[in-house]
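Asker: Below are the chains, spelled out letter by letter.
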Amino acid sequence: MEWETVIGLEVHAQLLTKTKIFSGAPTQFGAEPNTQACAIDLGMPGVLPVLNATAVNMAIKFGLAVGATIQKESIFARKNYFYPDLPKGYQISQFELPVVSGGHLDITLEDGVTKRVNLTRAHLEEDAGKSLHEDFNGSSGIDLNRAGTPLLEIVSEPEMRSAREAIAYVKTLHTLVRYLGICDGNMQEGSLRCDVNVSVRPLGQTKFGTRAELKNINSFRFIERAIHYEVERQISILESGGSIIQETRLYDPDKNETRSMRSKEEANDYRYFPDPDLLPLRITEEMILQVSAQLPELPQQKRERFIKDYELSDYDANLLVSNQDLANFFEATVKASHHQPKLAVNWISSELLGALNKASLDITESPVSAETLGKLVLRIADHTISGKIAKTIFEALWQQAGDVDEIIEKRGLKQVTDTSAIETLIDQVITANPTQTAEYRAGKDRLFGYFVGQVMKASGGKFNPDQVNVILKQKLQG
Amino acid sequence: MHYKTIAQLANDLKNKVISSVELTQHFLQRIRQHDQKLNSFITLTEEAALITAKKADAARAQGFARPLTGIPLAHKDIFCTDGIKTSCGSKMLDKFIAPYDATVVQQFNQAGMVMLGKTNMDEFAMGSSNENSFYGPVKNPWHLDYVPGGSSGGSAAAVAAGFAPASTGTDTGGSIRQPAALCGITGLKPTYGRVSRYGMIAFASSLDQGGPFARTAEDVALLMNAMAGFDPKDSTSIDCPVPDYTATLNHPIKGLKIGLPKEYFSEGLNPAVQKLIQDAIKIYEAQGAIIKEVALPHTHLSGPAYYVLAPAECSSNLARYDGVRFGYRCENPVNLEDLYKRTRSEGFGMEVKRRILIGTYALSAGFYDAYYRKAQQIRRLIRDDFTQAFASVDVILSPTVPAPAFKCGEKAKDPLTMYLSDIYTIAVNLAGLPGLSLPAGFVDGLPIGMQLIGKLFDESTILNLGHCYQQHTDWHTRTPGGF
Amino acid sequence: MSLTPEAVKKIAHLARIELSEADVAHYTTQLSSILGFVEQMNAVDTSKVAPLSHSFDMPQRLRADVVDEENQRDKYQQIAPAVMAGLYLVPQVIE
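Chains as they are written, first to last, in the numbering used here: chain A, 1 to 478; chain B, 479 to 961; chain C, 962 to 1056.
Same shape as in the complex, but just chain A (with noise of 0.2 Å):
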């Protein structure tokens, strides 16, 4: 029997806002517990919520993003349970009438196929807070901080096909809430945490088997270890006459397994209802057109234009798009380099991004900056220097800051590319060694490295390592 994956997910995002959604109390991360949870936050008797005006600005500039209908009218709705970080006993979400519908995310898989995964929906709602279950005295602890922090909850259809799909989804969609300004997508801290929907069904079936949800898998090897043992304890149950029961399992990553978490599901009616302390959010025409004004180059029209523009490989496109940061870094460094992207993207790929992973830096961080290495690239590209030579200087720039063109000078790391002197060189080198030459001469070729070798030591390194190449060959093929 062979067996088809369907998985559909809903990513929640929270919000780059400066506030909660309903209340003016502060968001930054890693507070001191319950010092950012204000009487609105803890539910005290009385308050009454009031709606961010930015979070409704994310949500537009999301469904705008994504090639959604924003909803002229939507509704806040209730849903009501019990759970000690849910302060009011109810979660303000969206119902009936979410404020984004529809949508679509095109996603690329690692051979370069690309697969449009459908939306259903995206709506706002609040956070709850945070259980500590360290023990306290045989307590549990709870800090409301996060309590009421604004959410997009951004739904699929259940059209992925595999982990590698799902995980294609999720690196797509965190790049473009960043890339979007709405969310920085650091899934450890919880930013961005997303809910697995996992079901099989025979291969050509059309109705959907009964799904599982995995709850709340925040890093992407988590994903995929979750998927995959769910699919093989879905396929295991089925195979052997059993049947899927639809519920809330957790993934354990110390014991790569999923549970069950009935006891939070059971008889869960959320018994939705239109909030009545808050009235309909209305989005006009003009609010849209002010956040349109503001959408930045999305991740997909900015890989387009690398592609075009600089006639860059898939592969690198890919690279220095799924980083905003990087992107605009490259731009900037091939500007500076009077356009060389082949070299820039070389140079950042290896040695700018290698250097950095070492020192565990940002590229907002890095030590050298776009203009300087545009300047380097611009050096090997005129023959100034060589490769080689450029990386020395990189080295140095790394460890500080410096000018490039200071640099050769000071240290007459210019390379020479003047003929009769490399040919002056190279017949020394020859010269010197009679054996090698000999045998060279009598077919073996990948002695030529080791001439080549010698002349760059010979002449440390300065000479045009083309021209080297070009002239030793012929010479030594007398």
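Simulated from the structure, these hints should not be mistaken for laboratory data. Please read all numbers here as calculations on a predicted model, not as lab measurements. Each residue gets a CB set at the ideal place from its N, CA and C atoms; glycine is no exception. Misleading hints may appear alongside valid ones.
[To be verified] Anything over 10 Å on all C-beta distances counts as not near chain A; from chain B, calculated: (1) 481; (2) 528; (3) 540; (4) 557; (5) 577; (6) 580; (7) 588; (8) 703; (9) 712; (10) 728; (11) 809; (12) 824; (13) 861; (14) 899; (15) 952.
[What the hints assert, rightly or not] Within a straight-line C-alpha distance of at most 27 Å, the following computed DSSO-like cross-link-like pairs (lysine-lysine) qualify: (16) C/970 with B/933; (17) B/711 with A/79; (18) A/473 with A/457; (19) B/573 with B/563; (20) A/308 with A/342; (21) A/72 with C/1009; (22) B/573 with B/482; (23) B/889 with B/569; (24) B/711 with C/970; (25) A/72 with B/711; (26) A/115 with A/308; (27) A/335 with C/970; (28) C/1009 with B/563; (29) A/391 with A/410; (30) C/970 with B/569; (31) A/79 with A/115; (32) C/971 with B/891; (33) B/569 with C/1036; (34) B/569 with C/971; (35) A/18 with B/533; (36) A/18 with C/1036; (37) B/533 with B/482; (38) B/891 with C/970; (39) A/462 with A/391; (40) B/732 with B/933.
We have chain A; now place chains B and C onto it with these hints.
Answerer: Frame of chain A; chains B and C shown alone:
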């Protein structure tokens, strides 16, 4: 002195007949002396009151007095008062010290009024007799064996008995108007959205409105000038200008059209009540008002719709009472379930639990459409009836209550009988309209009230009509004996 | 509509209210009679009527994204039943 109106007392203060401190002491003394009989107060804030009164006198001496400066006031214990116990008539909040002031409280503080204390009420505003309070029932000052009405029974009784010239209440299905009528005083439920709900502990969010009790329509107008207004902290508060409600009190009412809903004047109406209302109508006619019959064909469904919507909203609003962050907590909870269940079962009284259960049911899966959604649809029909009626009249007149106060305990056994006595008041909350109750006479020695229902945000017209009525009658000057 | 005791128990659980057997019987009768009362609504056909949430037709006001609340943890926790190290305590939550 304690039965003087605010207008009269303000005059006395102005003319230095009495100081605010003396006035405050007078009322506090009366409360201490007589309130055991009525049980209208839960908390007296004597020290703070005298400090405020002193400040008021000082302000007056410097020429900064305004219409309400130095006048004493009692707040229904549903309004949060910073640093002061706010119980909502419930064991659940018996030890709750509010950490902030309700907007209404702030407004009256800013107007210079002197808070005497917090008044007794039906628990979480659920009730029509003030027999559902954790702090014991409130008695009707006109006859101690009878109920004062509810849920704002304490506030109404206090003004009726001369314990305060003014008080605040809340009205979700009649909880200001009905006790005003049963206690023989004047009470107003403003248009929904006219008075801020911030800090007013929620019962049914789309129906609740805070409003004033006083002896006269003129006093109510004075209080409304301070109480009405946009509050950015309340999303359902409407940003439209507040008129000076006192400026139009004396407008001639000639030509004003008063509608009488035929459904309210059917054979079922108590003939004694009917007679008093007819007398009132004659007075208006004599002043030149035009009386017309109107129809509110869906009004008989107000009760059924209300007793789905209000409990549904309350079941959600009261979910926050869970023993975690404030309020009552059961002893030694063994686990989370136990914490919730015992806290809520021990903390809430029977009526509150009843409404939470009904509300939970009405919202539950499979029943939402049949109950909650249906009730919202009926609500539109009822509202549209009023819109239709107001196309041909300016004000609608009816009795406030079908009969005078009933005896304590008489309706406590069957909640339904209690629910049925709200027939004239509930539709007004469903439609969000303003409603004023005026003392209109006595039946068997107990007061009854007349209700004037206005168009949305037209408190001015009903106050105008109320003031006019009180120029030609003296029901509002009657006082109960024994105090 | 008559409620069954089982239905009442289910509702009570959803509302996190504990009912004794006597309470269950008591509420079953009372709630059933209240439901009978409210079911009068069914006499009217409302299939073409839109539900009404608020008496006026106004949109939700939007608030500027500016901090206007200060930290009042001490004041709020003074009235809390059980706190430790700034956290609200509840019987251990097992996920």
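Asker: Could you run down the list of hints and mark each one as holding or not?
Answerer: Consistency of the hints with the structure:
no.: 1; hint: 481; verdict: 32 Å, holds
no.: 2; hint: 528; verdict: 27 Å, holds
no.: 3; hint: 540; verdict: 34 Å, holds
no.: 4; hint: 557; verdict: 8 Å, violated
no.: 5; hint: 577; verdict: 6 Å, violated
no.: 6; hint: 580; verdict: 6 Å, violated
no.: 7; hint: 588; verdict: 18 Å, holds
no.: 8; hint: 703; verdict: 23 Å, holds
no.: 9; hint: 712; verdict: 5 Å, violated
no.: 10; hint: 728; verdict: 36 Å, holds
no.: 11; hint: 809; verdict: 15 Å, holds
no.: 12; hint: 824; verdict: 16 Å, holds
no.: 13; hint: 861; verdict: 15 Å, holds
no.: 14; hint: 899; verdict: 25 Å, holds
no.: 15; hint: 952; verdict: 39 Å, holds
no.: 16; hint: C/970 with B/933; verdict: 44 Å, violated
no.: 17; hint: B/711 with A/79; verdict: 22 Å, holds
no.: 18; hint: A/473 with A/457; verdict: 17 Å, holds
no.: 19; hint: B/573 with B/563; verdict: 7 Å, holds
no.: 20; hint: A/308 with A/342; verdict: 13 Å, holds
no.: 21; hint: A/72 with C/1009; verdict: 22 Å, holds
no.: 22; hint: B/573 with B/482; verdict: 35 Å, violated
no.: 23; hint: B/889 with B/569; verdict: 22 Å, holds
no.: 24; hint: B/711 with C/970; verdict: 38 Å, violated
no.: 25; hint: A/72 with B/711; verdict: 24 Å, holds
no.: 26; hint: A/115 with A/308; verdict: 21 Å, holds
no.: 27; hint: A/335 with C/970; verdict: 72 Å, violated
no.: 28; hint: C/1009 with B/563; verdict: 48 Å, violated
no.: 29; hint: A/391 with A/410; verdict: 16 Å, holds
no.: 30; hint: C/970 with B/569; verdict: 23 Å, holds
no.: 31; hint: A/79 with A/115; verdict: 34 Å, violated
no.: 32; hint: C/971 with B/891; verdict: 25 Å, holds
no.: 33; hint: B/569 with C/1036; verdict: 22 Å, holds
no.: 34; hint: B/569 with C/971; verdict: 25 Å, holds
no.: 35; hint: A/18 with B/533; verdict: 40 Å, violated
no.: 36; hint: A/18 with C/1036; verdict: 23 Å, holds
no.: 37; hint: B/533 with B/482; verdict: 22 Å, holds
no.: 38; hint: B/891 with C/970; verdict: 22 Å, holds
no.: 39; hint: A/462 with A/391; verdict: 12 Å, holds
no.: 40; hint: B/732 with B/933; verdict: 18 Å, holds
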